[in-house]
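Sequential numbering from 1 applies to the sequence shown in this note's numbering.
The hints are simulated quantities; they were obtained by calculation from the structure and are not laboratory data. Nothing here was measured: the structure is a model prediction, and the numbers come from that model. There may be inaccurate statements among the hints.
To be verified - Label pairs and their in silico Cβ distance ranges: (1) Arg182 to Val298: 18 to 26 Å; (2) Leu290 to Arg93: 29 to 37 Å; (3) Leu86 to Ser124: 46 to 54 Å; (4) Lys80 to Arg265: 47 to 55 Å; (5) Phe22 to Pro303: 41 to 49 Å; (6) Arg182 to Glu205: 31 to 39 Å; (7) Leu290 to Ala201: 19 to 27 Å; (8) Leu86 to Leu7: 39 to 47 Å; (9) Phe106 to Leu14: 33 to 41 Å; (10) Ala6 to Glu267: 42 to 50 Å; (11) Ala26 to Asp82: 22 to 30 Å; (12) Ser157 to Leu7: 33 to 41 Å; (13) Ala96 to Ser157: 33 to 41 Å.
Beta carbons are placed, not taken as given, at the ideal position from N, Cα and C, and that holds for glycine.
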Amino acid sequence: MISTLALRVFSFFLAALLGISFGASALVSWVQWLDVGAIDPEAVERIFQGEDDVDPVLGLWLRAGTLPLTLWIAWLFIVKLDASSLPTLGLRRPRAAGTEALLGSFAAALTLMVWFLGIAPMVSSTVAQWSFEAGTFHGSANSADLPLGAWGLVHLSIAFLLIAFQDELIFRGYIFSTFRERFSWVHAAGLTNLLAVALYAGHPEVGNAALLNVFLLGLALAAMREKTDSLWMPTLFAAVWNVVLGCVLSLPISGSFYPRLFNHRLEGSEGLTGGAYGPEGSWALSGLLLVLVIVSAVWADRPSLSEQTSAANSSRSGAE
1 MISTLALRVF SFFLAALLGI SFGASALVSW VQWLDVGAID PEAVERIFQG EDDVDPVLGL
61 WLRAGTLPLT LWIAWLFIVK LDASSLPTLG LRRPRAAGTE ALLGSFAAAL TLMVWFLGIA
121 PMVSSTVAQW SFEAGTFHGS ANSADLPLGA WGLVHLSIAF LLIAFQDELI FRGYIFSTFR
181 ERFSWVHAAG LTNLLAVALY AGHPEVGNAA LLNVFLLGLA LAAMREKTDS LWMPTLFAAV
241 WNVVLGCVLS LPISGSFYPR LFNHRLEGSE GLTGGAYGPE GSWALSGLLL VLVIVSAVWA
301 DRPSLSEQTS AANSSRSGAE
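Construct all of the structure, not just a fragment, from the sequences and the given hints.
Structure follows, in structure tokens:
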């Protein structure tokens, strides 16, 4: 039974990764064929050739463009192969959608701001303020060095939201839900996060702190998924995390810069700043994420008011 479960998980994981890879390659070829004037053809060619020095914004949108394929793969596995339904992946609108969106967004922003304010007295911070100009996306190799702009903030936020949903669909959607069939949510989250850590381990700038933070963030997101039975809250958390980190604090996201509000550089111990990888490689952030995991886990295991009321009614009926 467990071997069958593992086969389902790894088959889906491989299919999702191949879908993103081939889908992005197909989009690159399509963009080249269209010869879109606003996009630098050399930047597209560098992506097509697999080079590292590419426009991060273009790469972001190419990744977001593969979301429909990921949705189709998830549907194929959960409906056709597992004979289940999409709501089991967390694809449902929670009753407290507004509250959960605010909680997830607030938790992401608060964690990063506490980290930044906590290390600020111990590091050298250089900030060159840029004007909030309109429009920044040109598809050129240096788009990450441009001011954010009003339009840039909008389209980057949309791209981060789409990618956050794609990641959550893969990890906290199918993989976590499948492991959850046999294990507690904590064990299911741990197994899911091992796959996420393995995925990040190949990054050239990643270190032990970064891998630990990937694992801890995954635990917190799994707790949100378990408590709300939906991908809504963890998706909003991940999207706001990237917007605040990359656009507002203007620091690297997993080693990559994006158009941002400030030309911001942190200099100091890599244990505090995360070095070239960014805050997600910081040991100082690890401590905050551990607190977030504990709070999220307690919240996830705490019965809701409706569950408490139902339990009380059941006890009362049994006594009668």
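Structure-based check of each hint:
1. A hinted range of 18 to 26 Å holds for the C-beta pair Arg182 and Val298, which are about 24 Å apart.
2. Remark: the range hint 29 to 37 Å for Leu290 to Arg93 is upheld by a beta-carbon distance near 31 Å.
3. Judged by the Cβ atoms, the range 46 to 54 Å given for Leu86 and Ser124 holds: they are separated by roughly 49 Å.
4. About 50 Å separates the C-beta atoms of Lys80 and Arg265, a value consistent with the hinted range of 47 to 55 Å.
5. Distance hint check: the CB atoms of Phe22 and Pro303 are about 44 Å apart, consistent with the given range 41 to 49 Å.
6. Between Arg182 and Glu205 the beta carbons are some 35 Å apart, a value that agrees with the proposed interval 31 to 39 Å.
7. Distance hint for Leu290 and Ala201: a CB-CB separation of about 20 Å, consistent with the stated range 19 to 27 Å.
8. Between Leu86 and Leu7 the beta carbons are some 21 Å apart, a value that contradicts the proposed interval 39 to 47 Å.
9. The supplied range of 33 to 41 Å is met by Phe106 and Leu14, whose beta-carbon atoms lie about 36 Å from each other.
10. Distance hint for Ala6 and Glu267: a CB-CB separation of about 45 Å, consistent with the stated range 42 to 50 Å.
11. Between Ala26 and Asp82, the C-beta spacing of about 27 Å keeps the proposed range 22 to 30 Å intact.
12. For the hinted restraint 33 to 41 Å between Ser157 and Leu7, the CB-CB distance of approximately 37 Å keeps it satisfied.
13. For Ala96 and Ser157, the hinted distance range of 33 to 41 Å is not satisfied, since their beta carbons lie about 23 Å from each other.
Violated hints, in rising order: 8, 13; the structure is consistent with all others.
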